[in-house]
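Colleague: So the chains spell out like this:
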Amino acid sequence: NAGVTQTPKFQVLKTGQSMTLQCAQDMNHEYMSWYRQDPGMGLRLIHYSVGAGITDQGEVPNGYNVSRSTTEDFPLRLLSAAPSQTSVYFCASSLTGQGNQPQHFGDGTRLSIL
Amino acid sequence: DAKTTQPTSMDCAEGRAANLPCNHSTISGNEYVYWYRQIHSQGPQYIIHGLKNNETNEMASLIITEDRKSSTLILPHATLRDTAVYYCIVRAAYSGAGSYQLTFGKGTKLSVIP
Numbered sequence: 636n637a638g639v640t641q642t643p644k645f646q647v648l649k650t651g652q653s654m655t656l657q658c659a660q661d662m663n664h665e666y667m668s669w670y671r672q673d674p675g676m677g678l679r680l681i682h683y684s685v686g687a688g689i690t691d692q693g694e695v696p697n698g699y700n701v702s703r704s705t706t707e708d709f710p711l712r713l714l715s716a717a718p719s720q721t722s723v724y725f726c727a728s729s730l731t732g733q734g735n736q737p738q739h740f741g742d743g744t745r746l747s748i749l
Numbered sequence: 456d457a458k459t460t461q462p463t464s465m466d467c468a469e470g471r472a473a474n475l476p477c478n479h480s481t482i483s484g485n486e487y488v489y490w491y492r493q494i495h496s497q498g499p500q501y502i503i504h505g506l507k508n509n510e511t512n513e514m515a516s517l518i519i520t521e522d523r524k525s526s527t528l529i530l531p532h533a534t535l536r537d538t539a540v541y542y543c544i545v546r547a548a549y550s551g552a553g554s555y556q557l558t559f560g561k562g563t564k565l566s567v568i569p
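In order, the protein sequence lines correspond to chains E and B.
Sequential numbering from 636 applies to the first sequence in our numbering.
Sequential numbering from 456 applies to the second sequence in our numbering.
Derived from the structure by calculation, the hints contain no laboratory data.
Computed from a predicted model, the values in this text were never measured in an experiment.
Okay, derived cross-link-like pairs now, BS3-like style, lysine-lysine, Cα gap no bigger than 30 Å in a straight line:
1. K507(B) <-> K561(B)
2. K561(B) <-> K524(B)
3. K458(B) <-> K507(B)
4. K644(E) <-> K564(B)
5. K458(B) <-> K524(B)
6. K561(B) <-> K644(E)
Could you build all of it, start to finish, from the sequences and the hints given here?
Modeller: In structure tokens:
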């Protein structure tokens with residue numbers, strides 16, 4: 636009963652380094668998304684996907700890239716990490732993007748950029 | 456503008472019912488009320504959602520007023536593991552920007568007291 640799996644759980648990077656945060660779901664969900672959570676800011680949507688091959692920008696997309704080559708996976712890429720990207724990142728998925736379908740979240744990746 | 460208003464914090468005795476209120480006076484007819492909670496350092500956990508009618512599942516009950524301007528989440532027998540921040544969210548029913556992004560406010564910090 637895996638649900639939404641995020642890896643790694645923790646990561647420390649130096650400014651300018653690149654990395655990919657992994658997100659996988661085993662529920663055959665069409666919709667997947669990435670949020671970041673900062674103290675006092677709540678969760679903010681970075682990118683989302685309504686199905687394989689389709690992605691779009693959310694509220695705070697700058698500095699991040701995504702792709703969706705399979706239904707199961709939705710990786711988030713930081714091409715050149717900046718200290719402002721220090722945050723907790725959550726991946727979520729739902730059967731579809733419609734409002735009657737609950738989004739289910741992973742346990743997050745805690746990322747620190749030095 | 457915030458779409459929902461919740462008390463900042465609440466206490467509840469262990470074993471008693473926890474009643475968490477939420478005001479959403481500007482809700483429209485095609486918007487759902489969702490409840491999530493976030494236990495320290497974990498990803499947001501879906502609890503329940505509803506449109507017009509009261510709803511119940513294995514975790515909680517959701518009572519929505521007839522005019523839909525407010526709702527109450529009820530945890531029938533609170534345990535120490537229910538200590539968390541609870542978020543009330545209004546979400547559009549139809550696919551699009553209004554349904555994709557979950558807007559988490561500051562929520563209610565529920566403390567269950569032994």
